[in-house]
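Student: Produce the complete structure using the sequences and hints provided.
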Amino acid sequence: MSPSMSSDTILTVDNLTMRFGGLTAVDSLSFTATRGEITALIGPNGAGKTTVFNCITGFYKPTEGRIALAHGSAAAFDRLEDLTDSPEQFSRNGSDALFLLERMQDHDVSGKAHVARTFQNIRLFGGMTVLENLMVAQHLPLMKASGYSIFGLLGLPGYRKAENEAIDKARYWLEHINLVDRADEPAAGLPYGDQRRLEIARAMCSDPVLLCLDEPAAGLNARESHDLNDILTFIRREHGTSLLLIEHDMSVVMEISDHVVVLDYGKKISDGTPDYVRNDPKVIAAYLGVDDEEIDDVEAEVSK
Amino acid sequence: MSSPARQPFGLAALKDAAIAALITLGLFAPVMGLRTAQDNSGLTIVENWWPVLVAVAVVFFGRLILNAFFWSDNGFKVTDLIPRGEATAKVGETLAKLLAPVLIIVAIGLPLIPGLDRYYIDLGILVLTYVMLGWGLNIVVGLAGLLDLGYVAFYAVGAYSFALIATVVIPNYAPGLELWAFWICLPLAGLLAAFWGIILGFPVLRLRGDYLAIVTLAFGEIIRIVLLNWYEFTGGPNGINRIPDATFFGLEFKRNNGFADFFGLDYSSTQKFIFLYYLILVLAFLTNFATIRLRRLPIGRAWEAMREDEIACRSLGLSIVKTKLTAFALGAMFGGFAGSFFATKQGFISPESFSFIESANILAIVVLGGMGSQLGIAIAALVMVGGFEYFREFEQYRMLVFGLAMVLIMIWRPRGLISSRTATVFLKEKKTVSADMVAEGRG
Amino acid sequence: MEYFLQQLINGLTLGSIYGLIAIGYTMVYGIIGMINFAHGDIFMVGAFVSLIALLLITALGITAVPLALLLVLVIAMIITSLYGWTVERVAYRPLRGSFRLAPLISAIGMSIVLQNYIQIVQGARVKAIQPIVTGGIPLMESADGFVARIANIQIIIIVTTVVLMTVFSLIVAKTSLGRAQRACEQDLKMAALLGIDTNRVISLTFVMGAALAAVAGCMYLVYYGVLDFYIGFVAGVKAFTAAVLGGIGSLPGAMLGGILIGLIEAFWAGYFSSEYKDVAAFSILAIALIFLPTGILGRPEVEKV
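Residue numbers (the working numbering), protein chains in the order written: chain F, 2 to 305; chain H, 276 to 718; chain B, 2 to 306.
Treat the hints with caution; some may be incorrect.
Covered by chain B, per the in silico footprint, the following chain H stretches (three or more residues, Cβ under 8 Å) [claimed, not checked]:
id : region
1  : 308-320
2  : 493-505
3  : 575-583
4  : 629-638
5  : 675-686
Have a look at the derived ranges for each label pair, beta carbon to beta carbon [unchecked claim]:
id : chain 1 : residue 1 : chain 2 : residue 2 : range
6  : H       : V557      : B       : R201      : 54 to 60 Å
7  : F       : G159      : H       : V381      : 36 to 42 Å
8  : B       : I156      : F       : K62       : 49 to 55 Å
Hint data in this document are derived by calculation from the structure and do not stem from the laboratory. Quick caveat, the model's predicted, so the values are computed rather than measured. The beta carbon of each residue, even a glycine, is placed where N, CA and C say it ideally should be.
Tutor: Spelled out as structure tokens, the structure:
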């Protein structure tokens, strides 16, 4: 039932199926992501990658399947079956916690389970400044600090302090994406590449344990794409955040990911290290669009 | 408008003017030229051709002149006659900023002008009521981007809550507190209105844009119709009478043993109105203060973020339900305060005061002022309410001009008078965001 | 049973009128995505033009009822179309491609203008005429003497509506104008790129909507015999409800929605209370939008993330 679990799994997806009317966008997909690693989800256009993301981040309710996320250590997965049988959305035990994401609403997936995401077509708050974008990402802790607006309305110092800390955190991320100088400009006025990086910084400001990036390199030139790689490896190295990314740009995928899952027509066709996947004839066939019978030929071709 | 006239007074210009005149004739001849009137035998038609002729002549020669003097350059439009564009917008906004302190000083000083006619104080009260309503609705429409066409419902809830508590509940259950009625009821009315904001907000959470507008309109009408027909509770079309006056914290405005005696002043009937004026001024400033503060708090940023992109908000842990409902509730609360004030000032309320046209007026003030801009809304209220109140004598034409002004201002400045947005937090320098980048929300 | 039948007939008649107005809303919303708030007032102008035309024709001595009605209908359609065209040209076209709220506010402004214009030029008092079409066909009689009947005027209204609906559906389905309209509804920008004169299509859509509203106005006049400058608001909101209920953008949907609203109102007024019949209609609107946001015949919408 449950796929093989490494010692430090953070996310398991079991038999995820999503149907829209008669169309099956995702068909009993199962895979795992390891803590502190970069897992890439690749596949041809229309393979169902973004649908998987939408299911994980709570924007879609999957037709079937289970999506479990652990905080703390993978030992949390020991309670997986108990939690599945209970009506609860999550269970906490000390510093460990286990979340069933498919049961949670989108804002709770971010607010409680700390899964952040970016979007294929960038979704910034265009009319707000760069800094404001990063402040909105820290809404929940700031809201608490403002005493649900009551202390804030009265102008109590506790909120001031929290706000300054939030600004410091925003500045930290702005420094890492080289946007400190443009902090007070509207986000919609930034060049495309900066918008992409800002969206990632905004997601990071919400303190995620798992960051889901939907085609972060789309539309970037080689230089920007390289900068992006640096940011992603920095995030993993310095913050220990696990990454799940959808990507078309193979240079990004092969260079930075630890683990690749390949989808085609909603089904998983390959799963392994970048090297393994690169040489998997099924993957090559899917990308080049060959019939199943010809796979053998292709395989022969590749091994030459 | 297409401008066929390359050479002034050419045949093309003449043809264009003739067509326009013909259309005008078609529009006005049957409806304006033939007036239906009642006589002994029933309805008959009275001919009335002069205004039609004038209208046709005005259009014909007007277009001819426009063709000759203004449209000779290709691509010139009627709307170009009014200044627009970034440069004029900047100048306008700088002027407007200088205007703010002037407006505040005038607002505070107005009743103190010696020998001022009471009419102006009344007018001031009316304008301030709309300023307050505009600022209240601005939270919902301008900040949260939720198009509400039924805002008057909360104004009505506030007014009726106050009226019913003050005329029924207090005399029966808490006699002795009559003098404090207004001060007890004001917060209650605000809370009740906020409660209704949540009740009406819940079902419309999923609705977007124009659908939301139309459902809020429907809710507004439902509340008005219920007020009109539930005789036992609301007095039906007769409304509620003898609503107690607001007191100066327990001191009545009367000849003996009232406010004047307490402070050793000579009694004057104007005192009550001056008091009412300052009361609504304080309430309006309270609304303004709260809105400005809230904008800089996480809740306010969440409203604006929701206006910009709801899906991105959800991905950052913001609950759309809570964000929308707080906007509805707070907007409604200020509407409720204004309603209480209206009830105590008039002393009499009936459903007639809470028709759809009031909602449209308030929304027009918010949109014309520039969504989200506190100052723009105050100016719009001053112009639309104060300006038009001035033409009371031409009652019928007043609303006609009001409607035309709404259309013209929208064509002139679709984003309102002051359309740029000021950032709520800054790292180095506080900048404004130009209107082109600010979303209006889909909700 | 007889009473039920009577309410059914009344509801169908009323629903036909709402349906005719609703088509104007649904076509305009379908193409440019705006609520033409002034459309209810266009209907009101249509009713007034019908009244004036009727008085004029009577004064000219034309007494044959079918001919008089036909003439009134044609005159009302022409003049009201001109109003619909002008409103679009003056108040909406300059705002095309502008911010979403601007056309809505402009439309509310236009609605205020039309109401007050009619009030000024025609007077604020209620206008009442003698019924021109009388008689009817008794259908059923109950034990206690209640006779369910269909009035001749009701037959005229329902038949006219059916005929016009068929004609307009054919226009939209078969003519090149209809094809252009459907193209604009799918994608206005793309249609313009393919050489469709979108301004013309939009103008003609307003003209068609106004013409149907004029028919509704004319029917309203001969059915009720009373009007004032304020009838447009409530009728407009209900017709919009009908358009939304049926699925906005769909012509058969608008008609279906109109009939449903008419029936709900007639039955509510007949069995519960006539004071709250508007509350019933508005509540249906709210409920419909909340639980059936795309209407009965509308296309479902999937949220794009």
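Student: Does each hint fit the structure? Answer for all of them.
Tutor: Results of checking the hints against the structure:
Evaluation of the coverage hint for the region 308-320 of chain H: fulfilled, as 9 residues show C-beta separations to chain B shorter than 8 Å, against a requirement of three. Requiring three or more residues with a Cβ within less than 8 Å of a Cβ of chain B, the coverage given for the region 493-505 of chain H holds, as 8 such residues are present. Counting residues of the region 575-583 of chain H whose CB falls under 8 Å from any CB of chain B gives 0; the rule of at least 3 is not met. With 4 residues bearing a CB less than 8 Å from a CB of chain B, the region 629-638 of chain H meets the requirement of three and the coverage assertion stands.
Against chain B, the region 675-686 of chain H contributes 9 residues with a C-beta closer than 8 Å to a partner C-beta. That satisfies the three-residue criterion, and the hint holds. Separated by about 55 Å at the C-beta atoms, V557 (chain H) and R201 (chain B) satisfy the suggested range of 54 to 60 Å. Restraint check, G159 (chain F) to V381 (chain H): a C-beta distance of roughly 38 Å satisfies the suggested window 36 to 42 Å. Taking 49 to 55 Å as the suggested C-beta distance range, the pair I156 (chain B) and K62 (chain F) conforms, at roughly 51 Å.
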